[in-house]
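Enquirer: Next come the chains, spelled out residue by residue.
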Amino acid sequence: MSRTRLADEGVVSLGAKRRVDSFNRLAIADALLTLGVLTLPAGIVECFDDLSHGLVLLIGGGIGIGIGVSGRRTYQRRHRPTAARVVGGLAATWAVLVVFGTGIYLLSGVTSNPATALFESASGFSTTSLTALDPTELSAGMQLFRGATQWVGALVGLLAGIVALPGVLRGSVHVPVGQGRRLDRLAPGPVTGRRRVLAIYAGLTALCGLAYGATGMGLENSIVHAMTTVSTGGFTNRIDSFASYGAGPQIVATVFMTIAGMSYFVIWWIIRGQRRRFMRSTELWLYLAMILSATIAILLATDGVGLRHALFQSASAASTTGLASADWTVFPSSALAVLLITTATGAMGASAGGGLRVARAGALVAYAQREMRRQLDPHVVTVVKREGTVVADDELERLTGYQIAHVGICAIGAFLLATTGVDIVSSLWTAISAVSTAGPSPITGPAGDATNLTAVGRLLLIPGMLAGRLTILPLLAAIVGLLQAKDHVLRRVKRTVRRVR
Amino acid sequence: MKIFRPLEIRRATELHHDRGGIHSTPLHVMGIALVFVSVGMLLSGVIELGSTNRDTAALFISGIITLVLGALLWWATRPGSARARDVFAAVGWTWIVITLLGALPFVLAGTFDLGGTSMTEQIVNSIFESASGYSCTGSTALQNFDIPGRGLLMYRQATQWYGGMGIVVLAVAVLPFLGVGGLDLMTAEAPGPSSDRLTPRISETAKRLWATYAVLTIAVGIALFAVPGPSLYDGLAHGLTTASTGGFSPYSKSIGHYDSVLVEAVIIIGMVIGGMNFAHHWRALQGRFAGYGNDPELRTYLVMLGACTGLVVGLLWLDGGFGFGEAFRAGIFNVAALGTSTGFGNATGDISNGNFVLWVPAAQMVLLFLMVVGACTGSTSGGIKVMRVQVLVGHSIRSIRHTQQPRAVIPVRHGSHAVSEDIVSRMAGFFVLYLLLVLSGIVILTGLGAGLVEAIGAIVGSLGNMGPALGEAGPTASFSTAFSQPARLVISLFMIIGRLEIFPMMLMFAAPARALRDRFS
Numbered sequence: 079m080s081r082t083r084l085a086d087e088g089v090v091s092l093g094a095k096r097r098v099d100s101f102n103r104l105a106i107a108d109a110l111l112t113l114g115v116l117t118l119p120a121g122i123v124e125c126f127d128d129l130s131h132g133l134v135l136l137i138g139g140g141i142g143i144g145i146g147v148s149g150r151r152t153y154q155r156r157h158r159p160t161a162a163r164v165v166g167g168l169a170a171t172w173a174v175l176v177v178f179g180t181g182i183y184l185l186s187g188v189t190s191n192p193a194t195a196l197f198e199s200a201s202g203f204s205t206t207s208l209t210a211l212d213p214t215e216l217s218a219g220m221q222l223f224r225g226a227t228q229w230v231g232a233l234v235g236l237l238a239g240i241v242a243l244p245g246v247l248r249g250s251v252h253v254p255v256g257q258g259r260r261l262d263r264l265a266p267g268p269v270t271g272r273r274r275v276l277a278i279y280a281g282l283t284a285l286c287g288l289a290y291g292a293t294g295m296g297l298e299n300s301i302v303h304a305m306t307t308v309s310t311g312g313f314t315n316r317i318d319s320f321a322s323y324g325a326g327p328q329i330v331a332t333v334f335m336t337i338a339g340m341s342y343f344v345i346w347w348i349i350r351g352q353r354r355r356f357m358r359s360t361e362l363w364l365y366l367a368m369i370l371s372a373t374i375a376i377l378l379a380t381d382g383v384g385l386r387h388a389l390f391q392s393a394s395a396a397s398t399t400g401l402a403s404a405d406w407t408v409f410p411s412s413a414l415a416v417l418l419i420t421t422a423t424g425a426m427g428a429s430a431g432g433g434l435r436v437a438r439a440g441a442l443v444a445y446a447q448r449e450m451r452r453q454l455d456p457h458v459v460t461v462v463k464r465e466g467t468v469v470a471d472d473e474l475e476r477l478t479g480y481q482i483a484h485v486g487i488c489a490i491g492a493f494l495l496a497t498t499g500v501d502i503v504s505s506l507w508t509a510i511s512a513v514s515t516a517g518p519s520p521i522t523g524p525a526g527d528a529t530n531l532t533a534v535g536r537l538l539l540i541p542g543m544l545a546g547r548l549t550i551l552p553l554l555a556a557i558v559g560l561l562q563a564k565d566h567v568l569r570r571v572k573r574t575v576r577r578v579r
Numbered sequence: 009m010k011i012f013r014p015l016e017i018r019r020a021t022e023l024h025h026d027r028g029g030i031h032s033t034p035l036h037v038m039g040i041a042l043v044f045v046s047v048g049m050l051l052s053g054v055i056e057l058g059s060t061n062r063d064t065a066a067l068f069i070s071g072i073i074t075l076v077l078g079a080l081l082w083w084a085t086r087p088g089s090a091r092a093r094d095v096f097a098a099v100g101w102t103w104i105v106i107t108l109l110g111a112l113p114f115v116l117a118g119t120f121d122l123g124g125t126s127m128t129e130q131i132v133n134s135i136f137e138s139a140s141g142y143s144c145t146g147s148t149a150l151q152n153f154d155i156p157g158r159g160l161l162m163y164r165q166a167t168q169w170y171g172g173m174g175i176v177v178l179a180v181a182v183l184p185f186l187g188v189g190g191l192d193l194m195t196a197e198a199p200g201p202s203s204d205r206l207t208p209r210i211s212e213t214a215k216r217l218w219a220t221y222a223v224l225t226i227a228v229g230i231a232l233f234a235v236p237g238p239s240l241y242d243g244l245a246h247g248l249t250t251a252s253t254g255g256f257s258p259y260s261k262s263i264g265h266y267d268s269v270l271v272e273a274v275i276i277i278g279m280v281i282g283g284m285n286f287a288h289h290w291r292a293l294q295g296r297f298a299g300y301g302n303d304p305e306l307r308t309y310l311v312m313l314g315a316c317t318g319l320v321v322g323l324l325w326l327d328g329g330f331g332f333g334e335a336f337r338a339g340i341f342n343v344a345a346l347g348t349s350t351g352f353g354n355a356t357g358d359i360s361n362g363n364f365v366l367w368v369p370a371a372q373m374v375l376l377f378l379m380v381v382g383a384c385t386g387s388t389s390g391g392i393k394v395m396r397v398q399v400l401v402g403h404s405i406r407s408i409r410h411t412q413q414p415r416a417v418i419p420v421r422h423g424s425h426a427v428s429e430d431i432v433s434r435m436a437g438f439f440v441l442y443l444l445l446v447l448s449g450i451v452i453l454t455g456l457g458a459g460l461v462e463a464i465g466a467i468v469g470s471l472g473n474m475g476p477a478l479g480e481a482g483p484t485a486s487f488s489t490a491f492s493q494p495a496r497l498v499i500s501l502f503m504i505i506g507r508l509e510i511f512p513m514m515l516m517f518a519a520p521a522r523a524l525r526d527r528f529s
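Chain order of the listed sequences is L and Y. Per my numbering, the first sequence starts with residue 79, numbered consecutively. Per my numbering, the second sequence starts with residue 9, numbered consecutively.
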């Protein structure tokens, strides 16, 4: 095997002397490097508005690039990282990104409140469209930086879901299926996979930006909205989200939100011209059917709402973007229920969207059907398939366990929010929406105005938003780790007490 | 004495069952159950005759119709097979028919006729009331409690008593010659993942459970009669719906009618005992109390009730503008009422401490949590059940640990015992179905015009057999004003689905479908 191929597989690295095999280091370095690269142009733009703020962004970007480059230079992969390390590394990456973003918001003077800065940063990197700032008061540079946080957050999520996790959780329900034969794979190795995902992601962003530009949105707005649409982030620079933009930008947003919620495997098949595979993707059809059903439900339930707005809201909910073309909080309760369920189900696996994911929801329904059959005949052998592949029994069991945890996190989040005085429906909705990384709820309004929540309420949402970005695994793993550590400490204390006695 | 060989025993059994008539387990079980239900109607008719004498004819006519129908079905049919689909069909269809015939006394008496009320509205409300009664839910469509007589109100209470331990369980207890899968029938109807066998003979187990149930009912009735306030009638009426964790009361203000701490204390104790596994109560009546201490589910149930009481009291006291005494009284009663899926209310008016829809949202959220969880397996209560929640939480933690250690073998434990994978799988399936039902129920109810909070409260409350919902369908409200006619029918269906713990109602069409397929193929 050639050295270049080995390097591509990540087995060796070229020209290294003192290097460390740490997945944490690699993930954090890559994330900061990308963020730094995006922060620099934002800083340059900001310099024209406010030199001091611009300098903060430039220095921040420089630091990000510096850490990223040095982290990359001192990394060498020697062994395949374990699942625990990858999950832990991803959690650490998000933590570093959120702290970095908080620092930029505070130092640039956008807000002097650390809690607000932390919330804005967490909301950005988790691609949730809740905001505690007035977007109309932000300068062009800060708008760009804010959009960049969502773009980087989604990129890290994509790389984790398509490149990092499949390597360590082979066959798991957390890993999207549909990679295909080795030669056709989107991610045959970590390096190639990273490159391809980045290319598709950047390409989609560019296309979206061009489409926005073609509708007359303006350069700055096009760039910011392209970043926040393709990342399913949902930040905008207007107080009413997309409502005051015309039909053109709304149609472009609908199309790109739908694409952003699609699996990157499906997009890869389209690029490779594999029409048959694309047409046979059950998850894709389920996803599109969900958007269509939600649209029809909204149209039937709501008087005076046109197809464009119904489709926009459905695509926004299904892709968990959180943009709004109309004030959907005044829709009848049946339309609201459909939107909430669509948001909770979320987008396809291996996409930039959040939520439970369509494939998992489909597998859960199939699991429920199987259990009903088993009630009639306990010895019946039934298999559940995902994209034509049989899902192992233990994986299905794990999926149900994961689902219970997902529901539990939403319930705890809703209860904690309710303690801050938020009513029951808004608490449940906000918690579900945050864990699905969508954002808006009846209390925050269609534009996701988080100032309607108390400061404590906003802080309580942060773990849910971050957990939702990577299908709650890192947070849960951390909680289970803490529980195990507690058990371990208790056992040691008991042993010590016994010895002393 | 002749000794039968196994084959001869089988032939003898076949001969015993082959006395002619249609072989159908569902119809046979339904017939027996209807006979039992008719007894309740006729006894209530006697009470009505001796008291208000307004609805006597309605009760007697309904009782006779039900008795004749039941007896005909019983006489004309013979038990058939005891395959799973027949058992589910037997239990599911029996409950549907009982609910419909159980509505007859209300329809004939004009209980829901407020002057100019349409017949459709009256029938829908009657079916709702019947479903709420037999499923032990406790939601009511009744707006004027002065219309029905005391006998009809007692019948309403009795529906919950029948439903609490289960009519099919009663059939198994009294009629051991039913001859078909008694255990399966009992398991399909009894709350919880499986039935706790007290004796090797399933009919003996059913008898003991019903005996324990009767003892608890009488004990609560006597205790209520002993404290100042309730009459003997009140004691019996509330005894029937406390032991069954049903929650119906002959008064519009429910327990708030007495505004008495002592009455509330008796009811709380009765509800908490009703939410425990009746197998432990039976053993306790035999002088064996160890079962209480050794049951991890019971410990969790009591800890959960204690913790939720503390939380609600704290929230009401610190954040809800209540004094400590008021918060404690309102908190402990409503936590016990919803934590045991009884649904009694202690509100003395629309704007009073006991009306929990006026509480701070966090306290309402605690009640919503209790509505989902419910009480112990083997009790008369509803909800998912504490044991299932314990196992599901363990299963969830194991799933997450597996992502870190994919090859680790981690059993799910309940107390010190490892739970078999088959049971874990069944419970997970139940939870997934429960979740799907909740979501579809919310969409249907909101589609029928209900508000989101009312729909969430009504679906969770009806699946958990709680009674009061949230929003405009709170503890002091009538469901007939809060929900449209079709919505009330949907809620009625969800009540029965919840009472039978989903599977029988979902699979009750399997046997008729198979029979049709066999006939036409």
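Derived by calculation from the structure, the hints in this document are not laboratory data. Any given hint could turn out to be false.
As the list claims (entries may be wrong) - If the Cβ cut is set under 7 angstroms, some of the chain Y residues that face chain L in the computed set are:
| no. | residue |
| --- | --- |
| 1 | Leu122 |
| 2 | Gly123 |
| 3 | His410 |
| 4 | Leu441 |
| 5 | Phe511 |
The C-beta atom is built at its ideal place from N, Cα and C for all residues, glycine as well.
Enquirer: Determine for every hint whether it applies to the structure shown.
Expert: For each hint, the structure was consulted:
At about 27 angstroms, the closest approach between the beta carbon of Y/Leu122 and any beta carbon in chain L exceeds 7 angstroms, and the interface hint on this residue is violated. The restraint placing Y/Gly123 at the interface with chain L is violated, with a minimum CB-CB distance near 31 angstroms, outside the 7 angstroms limit. For the restraint placing Y/His410 at the interface with chain L, the shortest Cβ-Cβ distance is roughly 6 angstroms, inside the 7 angstroms limit, so the hint holds. For Y/Leu441, the suggested interface contact is upheld, since its CB lies about 5 angstroms from the closest CB of chain L, less than 7 angstroms.
With a least beta-carbon distance of about 5 angstroms to chain L, the hint placing Y/Phe511 at the interface is held under the 7 angstroms criterion.
Hint violations for this structure: numbers 1, 2, all remaining hints satisfied.
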